[in-house]
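Participant: Chain by chain, the residues:
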Amino acid sequence: MDEWQYKPAGDHGLKPEESLRSLRREAGLVATLTQSAWRLAVRAYLRGYHRLRVEGAEHLPKQPPFVMVANHSSHLDAITLAAALPWRLRQSAFPIAAGDVFFETPAVALFSAMMLNALPMWRKSCGPHAMKQLRERLLGDPAIFVLFPEGTRSRDGRLGRFKPGLGMLVAAAAVPVVPCYLHGAFAACPPDKKLPRPKPLLLRIGAPLQFAGVNNERAGWQEIAGRLETAVAALRDSSPS
Amino acid sequence: MFGLHPVAFWISAGIVAVLALTPLIFLALERAGKLSPALRTDLWTRYKSWLFLAPLMIAPLLIHRLTAIIGVGILSLLCYREFARATGLFRHRAISAVVALGILLLTCAAADHWYGFFVALSSLTISLLVIVALFADQPQGYIQRVALGVLAFSFFGVCLGHYGYFANDKAGQAFLLAILLCVELNDVFAYCTGKLFGRRKLAPQTSPNKTIGGAIGAAILTSALFATLVHQIVDGTALDRHWHLLALGILLSLTGQFGDLVMSSIKRDLGVKDLGATIPGHGGLLDRFDSLIFVGPAMFHYIGYFLGVGLDQPVRIFTGP
Numbered sequence: 001m002d003e004w005q006y007k008p009a010g011d012h013g014l015k016p017e018e019s020l021r022s023l024r025r026e027a028g029l030v031a032t033l034t035q036s037a038w039r040l041a042v043r044a045y046l047r048g049y050h051r052l053r054v055e056g057a058e059h060l061p062k063q064p065p066f067v068m069v070a071n072h073s074s075h076l077d078a079i080t081l082a083a084a085l086p087w088r089l090r091q092s093a094f095p096i097a098a099g100d101v102f103f104e105t106p107a108v109a110l111f112s113a114m115m116l117n118a119l120p121m122w123r124k125s126c127g128p129h130a131m132k133q134l135r136e137r138l139l140g141d142p143a144i145f146v147l148f149p150e151g152t153r154s155r156d157g158r159l160g161r162f163k164p165g166l167g168m169l170v171a172a173a174a175v176p177v178v179p180c181y182l183h184g185a186f187a188a189c190p191p192d193k194k195l196p197r198p199k200p201l202l203l204r205i206g207a208p209l210q211f212a213g214v215n216n217e218r219a220g221w222q223e224i225a226g227r228l229e230t231a232v233a234a235l236r237d238s239s240p241s
Numbered sequence: 001m002f003g004l005h006p007v008a009f010w011i012s013a014g015i016v017a018v019l020a021l022t023p024l025i026f027l028a029l030e031r032a033g034k035l036s037p038a039l040r041t042d043l044w045t046r047y048k049s050w051l052f053l054a055p056l057m058i059a060p061l062l063i064h065r066l067t068a069i070i071g072v073g074i075l076s077l078l079c080y081r082e083f084a085r086a087t088g089l090f091r092h093r094a095i096s097a098v099v100a101l102g103i104l105l106l107t108c109a110a111a112d113h114w115y116g117f118f119v120a121l122s123s124l125t126i127s128l129l130v131i132v133a134l135f136a137d138q139p140q141g142y143i144q145r146v147a148l149g150v151l152a153f154s155f156f157g158v159c160l161g162h163y164g165y166f167a168n169d170k171a172g173q174a175f176l177l178a179i180l181l182c183v184e185l186n187d188v189f190a191y192c193t194g195k196l197f198g199r200r201k202l203a204p205q206t207s208p209n210k211t212i213g214g215a216i217g218a219a220i221l222t223s224a225l226f227a228t229l230v231h232q233i234v235d236g237t238a239l240d241r242h243w244h245l246l247a248l249g250i251l252l253s254l255t256g257q258f259g260d261l262v263m264s265s266i267k268r269d270l271g272v273k274d275l276g277a278t279i280p281g282h283g284g285l286l287d288r289f290d291s292l293i294f295v296g297p298a299m300f301h302y303i304g305y306f307l308g309v310g311l312d313q314p315v316r317i318f319t320g321p
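Residue numbers (my numbering), protein chains in the order written: chain G, 1 to 241; chain W, 1 to 321.
In case anyone wonders, no lab produced these hints; they're calculated from the structure. All residues carry an ideal CB built from backbone N, CA and C; glycine is no exception. One or more of the hints may lead you astray.
[Unchecked claim] Covered, in the sense of this in silico footprint (three residues per stretch, anywhere, with C-beta under 8 Å from a C-beta of chain G), are these stretches of chain W:
# : region
1 : 84-91
2 : 96-106
3 : 262-272
[Stated by the list, open to error] Here are the computed lysine to any residue pairs in the SDA-like style, where the Cα-Cα straight-line distance is at most 20 Å:
#  : chain 1 : residue 1 : chain 2 : residue 2
4  : W       : LYS48     : W       : LEU185
5  : G       : LYS15     : W       : GLY283
6  : G       : LYS163    : G       : GLN133
7  : G       : LYS7      : W       : GLY271
8  : G       : LYS7      : W       : GLN144
9  : G       : LYS15     : W       : LEU51
10 : G       : LYS15     : W       : LEU53
11 : W       : LYS170    : W       : PHE9
12 : G       : LYS7      : W       : ASP287
13 : W       : LYS273    : G       : LEU14
14 : G       : LYS7      : W       : GLY283
15 : W       : LYS170    : W       : LEU239
16 : W       : LYS170    : W       : PHE306
17 : G       : LYS15     : W       : LYS48
18 : G       : LYS15     : W       : ASP287
19 : G       : LYS15     : W       : LYS273
20 : G       : LYS7      : W       : ILE266
21 : G       : LYS15     : W       : TRP44
22 : W       : LYS195    : W       : LEU221
23 : W       : LYS273    : G       : ARG24
24 : G       : LYS62     : W       : ALA136
25 : G       : LYS15     : W       : GLY88
26 : G       : LYS15     : W       : ALA277
27 : G       : LYS15     : W       : HIS282
28 : G       : LYS15     : W       : PRO280
29 : G       : LYS7      : W       : LEU151
30 : W       : LYS273    : G       : GLN5
31 : W       : LYS273    : G       : PRO16
32 : G       : LYS7      : W       : GLN138
33 : G       : LYS7      : W       : LEU270
34 : G       : LYS7      : W       : ILE143
35 : G       : LYS7      : W       : ARG93
36 : G       : LYS132    : G       : ALA172
37 : G       : LYS15     : W       : LEU77
38 : G       : LYS7      : W       : ALA97
39 : G       : LYS15     : W       : SER49
40 : G       : LYS15     : W       : ASP274
Here chain G stands alone, though its shape is the one from the complex (with noise of 0.2 Å):
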């Protein structure tokens, strides 16, 4: 028999409220129960008010860790590419989400947690620590990370630059890239309207990419960008099948 090893939960001994904040944040039984029937609210929603399909969906890799790339221009595009995730994946999917909106007040910090399972990015002083640990919980758990490069919903539906910070979490790493690209997020529900209108999403999954080979450094990351960039337009402009 092995020695028995205990594992402390990663937010163990942090206040209520530092949890909700942490990036080691672990679910417990109720946070798994109240996500799952988040997820389920989620689905029916999309497939009921936004007749969402799903194209490309064999491309997601079996297991973890990988990481969902997308365009970014509505709050629908995080849970639609959740969403598109099989049941089983659930628990290990995290959406990586901005830390002065989703995190800021204690009542919404509650929300992004039990509900999202969202770990926060927060983008004024995002440092390379913070990068490190998000690295170290993706290889380590291994997880599922959902995130938009652009850092911010588009403010007129175009496409915009890829940052390079995404690069510190995948370089020199055996970690996937899914490039996806959500089509009609921005119709349905752009930065400027408080309630979605009920237009069709089409959500297009690529092909993953591998950065295995490329050096965890910022040439490397801006190569990274740069080619995830490019997949992801070339999603949007393949013609619909």
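Following the hints, put chain W in place on chain G, whose structure we already have.
Facilitator: Same frame as chain G, now just chain W:
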């Protein structure tokens, strides 16, 4: 008085008085220049936590039998949560769900006043737990997972559950308040007498701050207090004998201190300082309530052996014929 058991009334009044007077004592100590800034902050944080904790603990006991039982059920679940997150057991959701289900059913059995089901749940929940743990089909670590689950259910379900069942007795309110008060004061007595007379360490590897002097001092003071309180509750019954009252007092003090040591052992083994961070100044709920775990069953069965628990009350209130 106010529909309360007289002993329950006086204990509650005493606690309210102590909480009201404590700030005056702090201020007096501060005037006398006996408080370092660090100690001052620590005392006030602890005091403020008690200001929330004490009503949260006492009010459910005073309001109704059912609020007391539900309160104990919630406390059990929260304590289990801390234990599961500290040991890593929470990652095994099926086992965690069975322990939570067992605690909920124990709460229902107590609320229903159905002792047969209350007892049956120990073996049934443990059987269900080891069976459900099979479904992962992962023999590696099976013993560790189910052992942690069974231990957790025994501590936080079965042992703490006795407090809930106690509320079915006519004098349950008074017994519960007396036990809570004496268990909390037991810690305080051990701390104070330990500072005054403690020379030899009690268990230096497990809990370096505890002394034999503190343990004996707490046993003497707590026994005296608890015996006095129980005497008022069981006046004129078979339990109202000096040796019974003394035995109950010593049993309460010892099981309380052992509960503390058991949780210290668990913390040392895990390599964590506190089991949570829920209560400012105290750590987790379990760091505060660890001494309660073994006191409940010991008191319940000692008192139950001589007087019975809730014998003159209606049974199977919700499920009965």
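Participant: Next step is simple, just say for each hint if it's right about the structure.
Facilitator: How the hints compare with the structure:
no.: 1; hint: 84-91; result: holds (count 7)
no.: 2; hint: 96-106; result: holds (count 3)
no.: 3; hint: 262-272; result: holds (count 4)
no.: 4; hint: W:LYS48 / W:LEU185; result: holds, 17 Å
no.: 5; hint: G:LYS15 / W:GLY283; result: holds, 9 Å
no.: 6; hint: G:LYS163 / G:GLN133; result: holds, 18 Å
no.: 7; hint: G:LYS7 / W:GLY271; result: holds, 10 Å
no.: 8; hint: G:LYS7 / W:GLN144; result: holds, 12 Å
no.: 9; hint: G:LYS15 / W:LEU51; result: holds, 19 Å
no.: 10; hint: G:LYS15 / W:LEU53; result: holds, 17 Å
no.: 11; hint: W:LYS170 / W:PHE9; result: holds, 14 Å
no.: 12; hint: G:LYS7 / W:ASP287; result: holds, 19 Å
no.: 13; hint: W:LYS273 / G:LEU14; result: holds, 12 Å
no.: 14; hint: G:LYS7 / W:GLY283; result: holds, 19 Å
no.: 15; hint: W:LYS170 / W:LEU239; result: holds, 16 Å
no.: 16; hint: W:LYS170 / W:PHE306; result: holds, 15 Å
no.: 17; hint: G:LYS15 / W:LYS48; result: holds, 16 Å
no.: 18; hint: G:LYS15 / W:ASP287; result: holds, 14 Å
no.: 19; hint: G:LYS15 / W:LYS273; result: holds, 14 Å
no.: 20; hint: G:LYS7 / W:ILE266; result: holds, 13 Å
no.: 21; hint: G:LYS15 / W:TRP44; result: holds, 18 Å
no.: 22; hint: W:LYS195 / W:LEU221; result: holds, 15 Å
no.: 23; hint: W:LYS273 / G:ARG24; result: holds, 18 Å
no.: 24; hint: G:LYS62 / W:ALA136; result: holds, 19 Å
no.: 25; hint: G:LYS15 / W:GLY88; result: holds, 18 Å
no.: 26; hint: G:LYS15 / W:ALA277; result: holds, 5 Å
no.: 27; hint: G:LYS15 / W:HIS282; result: holds, 12 Å
no.: 28; hint: G:LYS15 / W:PRO280; result: holds, 9 Å
no.: 29; hint: G:LYS7 / W:LEU151; result: holds, 17 Å
no.: 30; hint: W:LYS273 / G:GLN5; result: holds, 17 Å
no.: 31; hint: W:LYS273 / G:PRO16; result: holds, 17 Å
no.: 32; hint: G:LYS7 / W:GLN138; result: holds, 18 Å
no.: 33; hint: G:LYS7 / W:LEU270; result: holds, 8 Å
no.: 34; hint: G:LYS7 / W:ILE143; result: holds, 16 Å
no.: 35; hint: G:LYS7 / W:ARG93; result: holds, 15 Å
no.: 36; hint: G:LYS132 / G:ALA172; result: holds, 13 Å
no.: 37; hint: G:LYS15 / W:LEU77; result: holds, 18 Å
no.: 38; hint: G:LYS7 / W:ALA97; result: holds, 19 Å
no.: 39; hint: G:LYS15 / W:SER49; result: holds, 14 Å
no.: 40; hint: G:LYS15 / W:ASP274; result: holds, 12 Å
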